[in-house]
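> Here's the letter readout for the chains.
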Amino acid sequence: MTLKVRIRHALGAFTLGAAFEAPEGVTALFGRSGAGKTTIAHAVAGLIRPEDARIEVAGRVLTDTSLRLHVPPHRRRIGYVFQDGRLFPHMSVARNLDYARRADPAERARVVEMLGIGHLLPRRPGGLSGGEKQRVAIGRALLSRPDLLVMDEPLAALDEARKAEILPWLERLKGEGGVPILYVSHSVPEVARLATTVVALGGGQVIAAGPAERILADPRLAPALGLREAGAVLTGIIAAQAEDGLTEIDVPGGRLVLPRIAGAIGMRVRIRIAASDVILSRARPEGLSALNILPARVSEIHEGDGPGVMVALETGGAPILARITRRSANALNLAPGETCHAVVKSVSVAQGDVGTVTSSVIDSPGHQA
Amino acid sequence: MTAWLGSEEWQAVALSLRVAAVATLVSLPFGVAMAILLARGRFWGRGLLNGLVHLPLVLPPVVTGYLLLVTLGRTAPLGRALEDWFGLVFAFRWTGAALAAAVMAFPLMVRSIRLSVEAVDPGLEAAAGTLGANRLRVFTTVTLPLIAPGILAGCVLAFAKAMGEFGATITFVSNIPGETQTLPTAIYAFLQVPGGEGSALRLVAVSVAISVGAVLLSEAISVRLARRVAGR
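As given, the protein sequences belong to chains A and B, one line each in that order.
Each residue of the first sequence is one higher than the one before, starting from 1 at the first, in the working numbering.
Each residue of the second sequence is one higher than the one before, starting from 1001 at the first, in the working numbering.
Everything labelled a hint here was simulated from the structure, so no lab data went into it.
Quick caveat, the model's predicted, so the values are computed rather than measured.
Treat the hints with care, as some may be off.
Unchecked claim - Among chain B residues calculated to face chain A with C-beta under 7 Å, some are:
| id | residue |
| --- | --- |
| 1 | Leu1124 |
| 2 | Ala1127 |
| 3 | Gly1129 |
| 4 | Thr1130 |
| 5 | Leu1131 |
| 6 | Gly1132 |
| 7 | Asn1134 |
| 8 | Ala1226 |
| 9 | Arg1228 |
What the hints assert, rightly or not - Take a look, some chain A residues computed to stay more than 10 Å from chain B by CB distance:
| id | residue |
| --- | --- |
| 10 | Ala19 |
| 11 | Glu24 |
| 12 | Arg76 |
| 13 | Ile78 |
| 14 | His90 |
| 15 | Glu107 |
| 16 | Arg110 |
| 17 | Leu121 |
| 18 | Pro189 |
| 19 | Ala208 |
| 20 | Gly308 |
| 21 | Glu338 |
Heads up, the beta-carbon is just placed ideally off N, CA and C, and yes, glycines get one too.
Bound-form chain B, shown alone (with noise of 0.2 Å):
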C-alpha cells in the first residue's frame, strides 16, 4: 500500500484513521450518556440541551470550526487553561481535527443510540432491580447489551462522518501536511496544485473503500446483535 500510495498519501490516510478513530472512541462514552439523557431524563432545559446537540448538524461547518478557534485557540482563555492544566492543544494539532471531528459527527451518534435507548422496555430494567441487580449493574447487564446495535450503528455514522470531515478541520487546524491534512482536505490540496490529480483520484478511491469497508463490517455485525437482542 505505501508503494502504492505517495508517502504524503499514506500520511493523511493514516491520519484521517486515526482521527476518526480518536474523535469516534472518545465522543463514544458522552455520546452515550446524552443519548440516555436525553431519551429518559425529564428535566428543564432539556429541548435546549437537545437543540445544542444537533446544531453542528445545522451550522455552516465553517461556522463550528471558527467557533471551536475561538474558544479553544491558544489565545482563547478556555484554550490556555486546558493548555496550563492537562498539557492539552487543540489549535493547529492532529488533536483538534480529532476535536473538530467529534463535534460534527456528535449529533449522528448521538441520535443513532438516541433510538436505540428509546427502543429499551424500562420495565425489564425494573425485572433486573426486583432481582436483586443495583442500578450499574441493571446498565451493565440489562441497558448495554440491549443498546449494542444503537451504539454500533452510531459509531460507524461518527466514523464516517469524521473520516469526511472538511469544513469545521480546514477551519479550525488547517491543512498542515504530517500534522492535520485528512483525507479530504488532502483530496482538496491536491487539486489545488497542477499534476496532483493522480494523488487526489488514489485518496478517493481508498475514501470509498474504507466507507463501503465500514458499512459492510457494521451490517454484518448488527444483524448478530440484533438477532441477540431479539432473544432468538
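Excised from the complex, chain A in its bound form (with noise of 0.2 Å):
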C-alpha cells in the first residue's frame, strides 16, 4: 500500500471519521464539498495537525498523534497541487519550477516535456492563462520527487475548455509520471477518466472504497455519487477509424461506435457511460437509430426514493449501468438475472468521456485495493 490513512477530526460541525488505503496509480478521494476530502488531503500533506490520526505514505509514518509524531510539511516528501495552482508571483516559471531543488536537469527536461511548459519557463506566473498555471504547479510539484502527488481538485477553477485542455496531460502524467497520486475531486467525469481507485467520502466517512470500474458501476452508491452524473468506465480497444468521423471500439461486451476519438487503432481507452444515456430493452432493438446495442444480463436493481430506478448490468463481464423509471423496470420485468439489450446513443458520449489508457496498473483486472 502506498498511502495509509486513519483519520478523525472535528470540522466544525461534523467530525471526520475516515480510514482507508491506496495501492499505485491514481486513487481519487470522491465526494461532495464539505464531505471532508480536502480536510483529509491537507492532513496527509501535513498542512494540518488532526486530532486523532495516523498515516503512512510509502512506509513511512508521517503522522501518528498517538506517539505525538508529525513531521513537519517540508520533511514529508509530500507534493501538492493546489486548486490555486499557488504558483510564486515574483519568480518566473522557470524558477517556479526550480524552487524544491530536488531535481537533476534530465528529470526537469522530461517534465517540462511531458506537461508542454518549455515554451512559459521565462514567463511570470501573472501573465499565465488558468490551464498554464496549473500544468506549471504540477510540474513543480513533481519535481520535488515526492513520494506521493496530492492534487487538490485541480481543475475546479478551471473552465470546460481549460478542464478539456489539462486533462490529456494528467492522463500523461498518470501513464508516464510513475508516482502515486491522490486525487481530490468531486466531479464523476473527471474520477471515471482518471482514477485507479475510488475512496468515496460522505458526511466525513468512507462511503465506499475500490477499485474504480466496480465502484463507479456500483447502483447502490449511485445516489451518494450524484444520479445525473452516476455511469460506469468500460475499457476498450479502438478498433477502426470509420471514414464517416467515427470510431468503432470494442468494448468487453461487443463494439461501440463513438464521434471520432483520436488515436491509433489497438489504443486503450476508458469511457464513461452515462447511466440516463443508457436504454435498456428486452428485444434486441430493430429499426434504431442508435448505433450501439450491447447484450446484457440484469445484475442487480437499485431502487430509490423517486421514481427512478438504477440497473446494475454486466456485458461480456464488464458492469455498466443504466438509470430507467420504475414504471420501465415493471414493463420490462427487470430481474437479477434477466437478458437485455443496453442502447447507447452514439453521441451522447461525449468527448470529455473519453480518456486514453497508459497506465498499466488498470490492465489487469484483478487490481487490489
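Now that you have both chains on their own, put them together as the hints suggest.
Put into C-alpha cells, the structure is as follows:
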C-alpha cells in the first residue's frame, strides 16, 4: 500500500472519521463539497494537525497522534497541487519549477516536455492562463520528487475548455509519472477518466472504496455519487477509425461506435457511459437510430426514493449502469439474472468522457484496493 | 555644498542624515519582526502590544522624550546597566538622537510592513513548505520578497519621520551642535538668534529637497517591486 490513512478530526458541526488504504496509481478521494476531502488531503501533506490520526506514505509514518508524531510538511516528500495553483508570483516559471531543488536537469527536461510548458519558462505566472498555471504547478510539485502527489481539485477553478485542455496531460502524468497520486475531486467525469481506485466520502465518512470500475458501477452508490452523473466506466480498444468520423471500439460486451476519438488502432481507451444515457430493451431492437446495442444481463436493481431505479448490468464481464423509471423496469419485468439489451446513443458519449489508458495498473482486472 | 552651507549648517545636515539612517536601519529588523508578530501572531496580550507600539504616535513627543530620559539617562538603572555592559550611552549623544527618532518612527514602519504581511497569501508559504523549504527558506524566498514593497515604504516613512523628529529628540538629548543638533533643532536654534533666518532658510531648503528626493526614489522602486510581486 502506498498510502494508509486513519483520521478523526472535528470540523465545525460534523466529525471527520475516515480510514482507507490506497495502492499505486491514481486514487480519487471523491465526494461532495464539505465531505472532508480537503481536510484529509491537508492532513496527508501535514498542513493541518488532526486530532487523532495515523498517516503512512510509502512505508514512512508521517503522522501518528498516539506517538505525538507530526513530520513537518517540508520533510514529508508529499507534492501538493492546490486548486488555485499557488505559483510564486515574484518568480519566473523556470524559478518556480526549480524551487524544490531536488530534481536533476534530465528529470526537469522530461517533466517540462511531458507537460508542454517549455515555452512558458521565462514568463511570470501573472501572465499565464489558468490551465497553464496548473500545468506549471503540477510540474513544480513533480520536480520535488515526492513519494505521493496530492492534487486538490486541480481543475475545479478552470472552465470546461481549460479542463479539456489539461486532462490529457493528467492522463499522461498518470501513465509516465510513476508517482502515486491522491486526486481530490467532486467530479464524476474526472474521476472516471483518471482514477484507478476510488475512495468515496460522504458526511465525513468513507462510503465505499475500491477499484474505480467497481465503485462507479455500483448501483447502491449512485445516489451518493450523484444520480445525474452516475455512470460506469468501460475499458476498450480502438478497432477502427471509420471514414464518416466515427470511431469503433471493442469493449468486453461488443463493439461501440462513438464520435471520433483521436488515437491509433489498438490503443486502449476508457469510456464513461452515463447511466441516464443507457436505454434498456428486452428484445434486440430493430430499426433504431442508436448504433450501440450491447447484450447484457441484469445483475442488480437498486430502487431509490424517487420514480427512477438504477439497474446494474453485466456486459461481457464488464459492469455498466442504466437509470430508468420504475414503471419501465416493471413493464420489462426486469429482475436480476434476466437478459436484455443496453442501447447507448453514440453522440451522447461526450469527448470529455473518453480518456486514453497509458497506465498498466488498469490492465490487470484483479487489481487490489 | 559645503561652500553654500556654513559649517554648522552642514554639520546639522550630515548628522540628521546619519541619525535618520541609523534609526531606520537599526529598527528595521525589529520592525519586520513586530509587524509579522502583530499580523500573524495569535497570543494573549496582542492588543496590548499593538497599543504599546503605537503609543509614540499619540503621546506628546515631549513625553516620549522625557520617558526615554528617565529610563535611559546616565543616572537611571537601565541607562547605567547599558553603559556598564555594552558601553552604550544614549543621553546627550547622537546615538540618543537616533534612538529617539527610531522610537518615534517605529509605529509608522510597523504599520506599513504589517499591511504588506497581511496581504501575503499564507497559501504560498504552505506551498513552499510542501516543496521541501524549511521555515527560514520560506521566509527568505517567499515572504520577504512579497513584503519588500511594504518594507521599503515603511523605511521611507520612518526615515522621513526620523529626519523631522523634534520634540522627543530635544527633550532626551538636547540641542548640542555637532552631537545632537539635527536639522529641525538646528532650524529652531537659528530662528532663536538675530540674523539666523538665512541659515534657517537654507536648512529648510535642504530639508525639503531630501524629503522630495526620498519620496521620488521610493516611488520609483516600489513601482518596480509591485510589478515583480504581481507576477508580470
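> Now look at each hint and say whether the structure bears it out.
For each hint, the structure was consulted:
| no. | hint | verdict |
| --- | --- | --- |
| 1 | Leu1124 | 6 Å, holds |
| 2 | Ala1127 | 4 Å, holds |
| 3 | Gly1129 | 4 Å, holds |
| 4 | Thr1130 | 4 Å, holds |
| 5 | Leu1131 | 4 Å, holds |
| 6 | Gly1132 | 5 Å, holds |
| 7 | Asn1134 | 5 Å, holds |
| 8 | Ala1226 | 10 Å, violated |
| 9 | Arg1228 | 5 Å, holds |
| 10 | Ala19 | 23 Å, holds |
| 11 | Glu24 | 21 Å, holds |
| 12 | Arg76 | 8 Å, violated |
| 13 | Ile78 | 6 Å, violated |
| 14 | His90 | 5 Å, violated |
| 15 | Glu107 | 15 Å, holds |
| 16 | Arg110 | 18 Å, holds |
| 17 | Leu121 | 15 Å, holds |
| 18 | Pro189 | 27 Å, holds |
| 19 | Ala208 | 29 Å, holds |
| 20 | Gly308 | 41 Å, holds |
| 21 | Glu338 | 52 Å, holds |
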